[in-house]
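Asker: Next come the chains, spelled out residue by residue.
There are 2 protein chains.
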Amino acid sequence: MSDFSVKDCAHMARALRLAARGRYTAHPNPMVGCVLVNADEVVGTGWHRFTGAAHAEVNALREAGEKARGASVYVTLEPCSHDGKTPPCTEALINAGVGDIIVAMEDPNPDVDGGGLKLLRAAGLGVRTGLMAAAAAELNAGFVKRVTQRRPFVRLKIASSLDGAIAMQSGESQWITGPEARADVQRLRARSGAVMTGIGTVLADDPSLNVRAANIDTGGLQPLRVVLDSRMRMPLAAGMLTLPGTTLVFCTGKHDTAALHKAGAEVLSVADFEGHVDVRAVLRELANRGVNDVLVEAGPGLAGNLLERGLVDELVIYQAPHIMGSQTSGWIKTPSWTTLADRRSLIISDVRRVGADTRITASLAD
Amino acid sequence: MSDFSVKDCAHMARALRLAARGRYTAHPNPMVGCVLVNADEVVGTGWHRFTGAAHAEVNALREAGEKARGASVYVTLEPCSHDGKTPPCTEALINAGVGDIIVAMEDPNPDVDGGGLKLLRAAGLGVRTGLMAAAAAELNAGFVKRVTQRRPFVRLKIASSLDGAIAMQSGESQWITGPEARADVQRLRARSGAVMTGIGTVLADDPSLNVRAANIDTGGLQPLRVVLDSRMRMPLAAGMLTLPGTTLVFCTGKHDTAALHKAGAEVLSVADFEGHVDVRAVLRELANRGVNDVLVEAGPGLAGNLLERGLVDELVIYQAPHIMGSQTSGWIKTPSWTTLADRRSLIISDVRRVGADTRITASLAD
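Line by line, the protein sequences are chains B and E. Residue 3 is where the first sequence starts when you use the working numbering, and the numbers rise one by one after that. Residue 3 is where the second sequence starts when you use the working numbering, and the numbers rise one by one after that.
It is possible that some hints are incorrect.
The list treats identical chains as interchangeable, and a pair is accepted whether it falls inside one copy or across any two copies.
[What the hints assert, rightly or not] Calculated lysine to any residue pairs in the SDA-like style (CA-CA distance at most 20 angstroms, straight line):
no.: 1; residue 1: K87; residue 2: N290
no.: 2; residue 1: K120; residue 2: A135
no.: 3; residue 1: K335; residue 2: L121
no.: 4; residue 1: K264; residue 2: L238
no.: 5; residue 1: K9; residue 2: P246
no.: 6; residue 1: K87; residue 2: V281
no.: 7; residue 1: K147; residue 2: P209
no.: 8; residue 1: K335; residue 2: S172
no.: 9; residue 1: K335; residue 2: Q171
no.: 10; residue 1: K335; residue 2: A169
no.: 11; residue 1: K87; residue 2: V114
It is worth saying that the hints were derived from the structure and are not from the lab.
Given only the sequences and the hints, what does the whole structure look like? Please build it.
Answerer: Right under this line is the structure:
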């Protein structure tokens, strides 16, 4: 890690804010932002909007024009050095004659292994790395997880009363949380490559699992809708099958899937784990399809199963200001957690009011 | 309500802060603060520390001396006009020759009925009321409730995991929350005239229910310890019986109480309600004894019973950053709440971090 000045920090913070503009559109690519500074003047800014569209560095170079010559480049992720859907950024930077480059985090893809930085150094550019690396890694937690672990980042959404209930024991249930919390969930969906639920929820609620808020611009993208349905009970009339985007149903064993295909779903049979679809196999498949972030909006069975198997990275809990008492069912079914030692510790990263509800964001501690 | 200036507000805010200094010592009296201002200069301040000690107004007059003449008096509660354990404050104010008086809230005691203000007006003093009345009423919520409704303010403390569990179904249990939360509970106890629990908690945990934090000065006061024990199972060896202060055991029906008396407890038999001590009768008795605030630290049975009967004024919930899952027991047993319509709405007044835990303070909405 090099030494950085206050000005360096300000420029990189701006690059990170630019990067975040791609939160609903850049995936499966990482979000990237870039700021070009020449003689203390910001001469170009850029961010990456869509897969296939120009990279952040190229957008910033375009804006800077001739002023890119000799400029310092602040970029949130190591520039690419390979020909992908767009020409490599390292080449563009070298050709533009920039002076030096400051990178928040190196490319996490083990195949890249600092290749972009090596090329830049070989071309005689000053290269410094590690400025605001933690913030850059957090911004792209899903992308980092996918390319390093071949699994997406799993975010589990819970909506409950303050005493942890999601429905009455009788099965009676309705929206527990308010309209602002539901609008907030639209943002969680929009930043996810996939939204996952269980067949029980589909049969009970016929959810859409799509992004439909008018104030969220996904550029037409919809998260992949994923239904875990070991015994293939997916109704042909499920509402989500009629919506733009793809519905992917995971089952186990062999089933006649022709009718469901025709109704609009893609169906994959995967391994069985204790009588259910093996969620590890599902996550592997989603990573292979380029899903960085999965939002789980599921009932207590699937939610508990993911937690018991240690597959949840983050919890987003909306607590309504109600108490529902003891004749209720809770968030999660965790039959294997029978002693206090089985409880899981959380690291709370954010608590805030969303309408009348409280939203708690937490990661699993171990 | 009169018109008030910004200076009026600043002086009354100071009087309220002074009043709050009595939070651990003034009860059963209300907390009261007083500020004397002469020609824009604060010439005297006072607050009420102990029953039997000087009232806030008298302390402020003493500090002001001759400068009280013609001064404006800011006081958080209508000055008393009756001879109690100390001479009436109205007389002292009139004798000191103060100019006018600004009162946050009138005495809530229906027997007083503005008597103090009438005397002051009759003596020719300008009297204005209602400045920061809501804050003054909130400060003395327990006192106000006792004198207007003959019931104390009931504050229910809960310590649970984030998913609402307090123990494993096996009965396995331990401190769920951290040391900072437990220190915070010491402050809740210190501001309460009584701490109440059920016999189940006594038998399981042998709690002390006392104030023992070195940094809390109650001037030697301890809250009355109240145990609800319909069938008189209170152990003679219960730890709380050996501590300074009084332990009051409520039972139903007739029991031989000689041994428990000798062990240090006071015992009262009250009405039965559905097989348990009638908590309404208990609260009435506590109000008669001058208890303004009751802190309930109880298991799910008593806590649920109080909520079902609509007797809880405020919840203070400490949520530990853990999830404990489904093989657990929850906060409260509420067998009568069987439909969603039975749930109770909360008004959350404060959410903050206490150590690693989150403390939520909420009142019941209806």
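Asker: Quick check: which numbered hints come out false for this structure?
Answerer: 3, 5, 6 and 7
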